Amino acid sequence: MSGPGSGGAYSFSLTTFSPSGKLVQIEHALAAVSGGTTSLGIKATNGIVLATEKKSPSLLIDTSALEKVAPICPNIGFVYSGMGPDFRILVAKARKIAQAYWKVYGEYPPTKVLVQEVAGVMQKATQSGGVRPYGISLLIAGWDSHRGQSLWQIDPSGSYWAWKASAIGKNMVNAKTFLEKRYNDELSLEDAIHTALLTLKEGFEGQMTEQTIEIGVITVPTPEQMVEKSGERLPPTFRKLSENEVRDYLSL
Amino acid sequence: MELNGGSVVAMIGKDCVAIASDLRLGNQAVGVASNFDKVFPVNDKLYYGLPGLATDVYTLKEHLRFRVNMYRMKEEREITPKTFTHLVSSTLYEKRFGPFFIEPVVAGLPTPTDLDPHPKPFISTMDTIGCITTPKDFAVAGTAADKLYGVAEGLWEPDLEPEDLFETVSQTLLNAVDRDALSGWGAVVHIITHDKVITRTLRARMD
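Protein chains in written order, with the UniProt record's numbering: chain A, 1 to 252; chain B, 1 to 207.
Just chain A, same shape as in the assembly (with noise of 0.2 Å):
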């Protein structure tokens, strides 16, 4: 029950603050995440790209059905560390939570709007009775009008802030100073993914191959794009990259 590292008797009690301030149950929540396979956002100049290892226990399980880069909304997609089924859980209510405000507004949330609604969500779980909190970080991509296109951290504490480039997961240590190296504020989107690849290759146990990493990126649309043709929507400025797409990337 009481162990000197472990947070000792406050550790349980996810609503009861340790004596030196800590809601040890979000340091544990952390520790999943930290032991979750590395994600990467970076953004650039004329997109933002996620990246993500898509590791499997077992050569045996079809990777293909395995979802780790979701959209949320035609502008903006997640990626995550942690906990795959609460992944999963969060996906479904920020797609309600754009459907809402699409609802209301006629147009999809600003990325920041959205990030703020889901780390609320997020937030919830830490201050509720008869719940843990979620077991993931999100990096967060997304295109609006108003802001450009630009990236967002959420934790499992529902704080939320945003990057120009980060990872999360295992390897986040490394990854980040290897990025913090590589990073400039010039990078192209096509300059964005090679370092992304890169930086994924540096902790990658195994083969990086386009059945083993999932791609999604940001681009950012011209003037032209944005004009509005009667009948027709909006091209979406979020999509996955498709394995094909993958592995002409990879073979540069």
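It should be emphasised that the hints constitute simulated quantities derived from the structure, not laboratory data. Hints are all accurate, no fakes.
Ranges of calculated distance between the beta carbons of each label pair, as one might list FRET restraints: (1) B/Asp15 - A/Thr15: 53 to 61 Å; (2) A/Arg147 - B/Arg205: 49 to 57 Å; (3) B/Tyr58 - A/Glu243: 55 to 63 Å; (4) B/Phe66 - A/Thr16: 31 to 39 Å.
Here the structure is a predicted model, which means the values were calculated and not measured. From the three backbone atoms N, C-alpha and C, an ideal C-beta is built for every residue, glycine too.
Place chain B on chain A using the hints.
Just chain B now, kept in the frame of chain A:
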């Protein structure tokens, strides 16, 4: 809708919009107030008019003020005319089976952005349950709507400068409400351009 009376008209000009309303509030045939303004600002580039049942004018105005304030604080930006129109539309549809007796008219100038450096002036209108129309010329609503359609169709032409648009919208409003028993008793016109809004009260027939 025929209890209090009142009408609103909006028109598109060259890099400007106009929105105007009468000032009458009545109880059927009895005129009660001649200072009942029906056009309100969201900000200095976006105005909206609410002709119809007077109690709903107040309620909707306050509700929209609440929604827009929350939007402004959360999104840290001003709401655009198109988004505001959708907000009004969904607010009305929420009351689909017990609606507000208002037919809103929205008029505004979207702010130029990098992606859209020369946005077109915007007007829209909707029915009591939020069906949006986005006309390219003029939008009318209220007890004198039929008359407003007629005069606007005759007087409007594209690309009117702010001063000419003022004359056109004023004549449209005045001549239409003069043929309607439940509208009139004064009129106010707002001309919205990129640098300012000019609001003028018209000398109207007070009968």
